[in-house]
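Participant: One-letter residues, chain by chain:
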Amino acid sequence: MASQRYSIFSVIKEALVGHTGWMPTWRDASPKADYDIIIIGGGGHGLATAYYLAKTFGLSRIAVVEKGWIGGGNVGRNTTIVRSNYMLPGNIPFYEQSLKLWEGLEQDINYNAMVSQRGVLNLYHSDAQRDAYARRGNALRLHGVDAELLDQAAVRKMLPFLNYENGRFPIHGGLLQRRGGTVRHDAVAWGYARAADQRGVDIIQNCEVTGFRRDGNRVTGIQTSRGFIGAKKIGMAVAGNSSRVATMAGLRLPIESHALQAFVSESIKPFIDGVVTFGAGHFYISQSDKGGLVFGGDIDGYNSYASRGNLPVVEDVCEGGMALMPRIGRVRLLRQWGGIMDMSMDGSPIIDHTPIDGLYINAGWCYGGFKATPASGLCFAHLIARDEPHPIATAYRLDRFRTGHAVDEKGQGPYPNLH
Amino acid sequence: MRIACPCCGDRSLDEFIYHGDATVTRPDYSMPSALDDFIAYTYERRNLAGDHQELWYHAAGCHAWLVVARNLTTHRVLNVSLARDVALARLDTAEGGA
Ligand SMILES: Cc1cc2nc3c(=O)[nH]c(=O)nc-3n(C[C@H](O)[C@H](O)[C@H](O)COP(=O)(O)OP(=O)(O)OC[C@H]3O[C@@H](n4cnc5c(N)ncnc54)[C@H](O)[C@@H]3O)c2cc1C
Ligand SMILES: [Zn+2]
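Chains as they are written, first to last, in our numbering: chain A, 1 to 419; chain B, 1 to 98.
The following block holds chain A by itself, in its conformation from the complex (with noise of 0.2 Å):
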């Protein structure tokens, strides 16, 4: 496969040819007859999953089928934050690993996701809430992770523009992952479809599921609205479809689609450097490197499939923005769109075998599956591959629920609005 190493070099070479000799990132394949895997659904993790099951287990024989365009899934709708300050057992050392990805990312695929780990402070605003972040960031610390626990003072150093003394939300510290930061989210879906590409994985665009195949209880494929496709082992990562993908297999899951919504302000001269929450609200903030401010709260709260959101949520969001910084109050607002994510039943993701032999299961994502993109690829991969769940996250099962091992990390109970 004819391939392009990108570089300082590479781009002087190319500015001084007129960007001529710049080749297709991937090769836009079409479907072969048959696979060894088959990965169903080109986010994030699909992607990331082919190119570890090529790279890391040294497979062959693999597709990528994406029933649109690469990276217009949620991959390219996420406000980008990475961070791994979980507090649960069964969480901590997977979203570590995947922080752990994120830090050498760019070298191992060649291109550039403009990882910045700039930080992420979450802000807490009464005492019960501080000795809850204390708990957390020891959690944290025990696991080996980077948290510290900040003062008033310490962050007003930071951010000197937030309303500290907000009659209701005064602010009392915050608790920071420095190490935490922003990655630049399509660049994610196209790295990794390059990566993959280059180990000869089929990544196979405009070719949508609508069906399985079956032998007793083994699958044998897929069918596709570009046809039948044959494969020994079939894994399905499609974040907000997977109740509908898993259906045509004839399983029902423990999850609801939901819709959350992001917006983009127009662009201002440099603000804000890191990320930073409110914790009386749901409201969180960061600047991209354009200038806009990338900005969210809680999802709509209702199932949808509708790829946007309504009124009511876009107006607590600002109403949270104006009480932690009412300075952005004249800020124009660009662009809002929605996402529909999988909201499982805990809050927590299933990686995992289906009750159907060579079938395995990746979803359950809700709306913090970004920064879980690179492990989540790594661990889906392990699982088909030597079909047995990675170390990191043997947690993640589809049974949990059935067995009481739900990993709820919030407390909320099976609400899925309510994670």
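Just to be clear, a hint being listed does not mean it is correct.
Unchecked claim - When the alpha-carbon atoms are kept at most 25 Å apart in a straight line, the in silico SDA-like pairs for lysine to any residue are as follows:
(1) K410/A x F38/B
(2) K410/A x Y57/B
(3) K410/A x L55/B
(4) K67/A x D51/B
(5) K410/A x E44/B
(6) K100/A x K232/A
(7) K67/A x T74/B
(8) K157/A x R141/A
(9) K67/A x I17/B
(10) K67/A x I39/B
(11) K232/A x M248/A
(12) K410/A x T42/B
(13) K269/A x K232/A
(14) K269/A x L251/A
(15) K410/A x G20/B
(16) K232/A x S7/A
(17) K232/A x K410/A
(18) K67/A x L55/B
(19) K67/A x A40/B
(20) K410/A x G61/B
(21) K410/A x I17/B
(22) K410/A x N71/B
(23) K67/A x A49/B
(24) K410/A x D21/B
(25) K67/A x T73/B
(26) K410/A x A40/B
(27) K232/A x R214/A
(28) K410/A x A323/A
(29) K67/A x D14/B
(30) K410/A x Y41/B
(31) K410/A x T73/B
(32) K410/A x T74/B
(33) K410/A x G50/B
Said to hold, decoys possible - Only some residues are given here: those of chain A computed to face chain B with a beta carbon under 7 Å:
(34) A249
(35) R252
(36) E256
(37) Y302
(38) N310
(39) V314
It should be emphasised that the hints constitute simulated quantities derived from the structure, not laboratory data.
These numbers were taken from a predicted model, which means no experiment stands behind them.
A virtual CB, placed ideally from N, CA and C, is assigned to each residue, including glycine.
Following the hints, position chain B with the ligands against chain A.
Facilitator: The following block gives chain B with the ligands in isolation, referenced to the frame of chain A:
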């Protein structure tokens, strides 16, 4: 999106609280399949695109529980009834069938 409450009329979405799929019903604990039935009832959802029957509570209004039929790809509300009426009708058919 607005919901026309049978008691209060056409109201803004933020007056209501959502409680998910209205077609799941509490299983009979005395059945041999009770364990599976309760797991399905508590955790598993159909969750398909298309028309969806769902429970909404009119918290900032009359406090009625409603069953709303809504299309999940367009957000169009197709029908709103009192959850009580839906439950009674279900009981009628169950008895009628017995
Ligand atoms: C507004 C918003 C903000 C978010 N912010 C963050 C954040 O700041 N940090 C964070 O960690 N996470 C965030 N998330 C969550 C994160 O984006 C998702 O959890 C994650 O991207 C899901 O995995 P994915 O990239 O593989 O999904 P996707 O990119 O959605 O990939 C799934 C793919 O499957 C394809 N597909 C579906 N059905 C079929 C079919 N039948 N046949 C073939 N292909 C099919 C889809 O077209 C899609 O491309 C956010 C999500 C949203 C919507
Ligand atoms: Zn009412």
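Participant: Hint by hint, say whether it matches the structure.
Facilitator: Hints, one by one, checked against the model:
1. K410/A x F38/B: 23 Å, holds
2. K410/A x Y57/B: 23 Å, holds
3. K410/A x L55/B: 23 Å, holds
4. K67/A x D51/B: 22 Å, holds
5. K410/A x E44/B: 20 Å, holds
6. K100/A x K232/A: 32 Å, violated
7. K67/A x T74/B: 20 Å, holds
8. K157/A x R141/A: Holds - the C-alpha atoms of R141/A and K157/A are around 24 Å apart, at most 25 Å.
9. K67/A x I17/B: It is violated: about 34 Å lies between the C-alpha atoms, which goes past 25 Å.
10. K67/A x I39/B: 32 Å, violated
11. K232/A x M248/A: 18 Å, holds
12. K410/A x T42/B: 18 Å, holds
13. K269/A x K232/A: At roughly 53 Å apart (the allowed maximum being 25 Å), K232/A and K269/A break the hint.
14. K269/A x L251/A: Roughly 50 Å separates the two Cα atoms, so the pair is violated.
15. K410/A x G20/B: 19 Å, holds
16. K232/A x S7/A: 38 Å, violated
17. K232/A x K410/A: Violated. K232/A to K410/A sits at ~38 Å, over the 25 Å cutoff.
18. K67/A x L55/B: 32 Å, violated
19. K67/A x A40/B: 30 Å, violated
20. K410/A x G61/B: Roughly 29 Å between the alpha carbons, so the hint for K410/A and G61/B is violated.
21. K410/A x I17/B: With Cα atoms ~19 Å apart, K410/A and I17/B stay inside 25 Å; holds.
22. K410/A x N71/B: 30 Å, violated
23. K67/A x A49/B: 16 Å, holds
24. K410/A x D21/B: Roughly 22 Å separates the two Cα atoms, so the pair holds.
25. K67/A x T73/B: Roughly 17 Å between the alpha carbons, so the hint for K67/A and T73/B holds.
26. K410/A x A40/B: 22 Å, holds
27. K232/A x R214/A: OK: K232/A and R214/A at ~11 Å, within 25 Å.
28. K410/A x A323/A: The given pair, whose Cα atoms are some 24 Å apart, holds under the 25 Å limit.
29. K67/A x D14/B: 34 Å, violated
30. K410/A x Y41/B: Holds. K410/A to Y41/B sits at ~21 Å (cutoff 25 Å).
31. K410/A x T73/B: 29 Å, violated
32. K410/A x T74/B: The given pair, whose Cα atoms are some 31 Å apart, is violated under the 25 Å limit.
33. K410/A x G50/B: Cα-Cα ~30 Å, so violated.
34. A249: It is violated, given that the least Cβ distance between A249/A and chain B is near 14 Å, above 7 Å.
35. R252: With a closest approach of 5 Å, the R252/A hint holds.
36. E256: The hint holds - E256/A has a Cβ within 7 Å of chain B, the shortest such distance being about 5 Å.
37. Y302: Holds - the Cβ of Y302/A comes within 7 Å of chain B, reaching about 4 Å at its closest.
38. N310: 5 Å, holds
39. V314: 11 Å, violated
The structure is inconsistent with the numbered hints 6, 9, 10, 13, 14, 16, 17, 18, 19, 20, 22, 29, 31, 32, 33, 34 and 39, although it conforms to all the rest.
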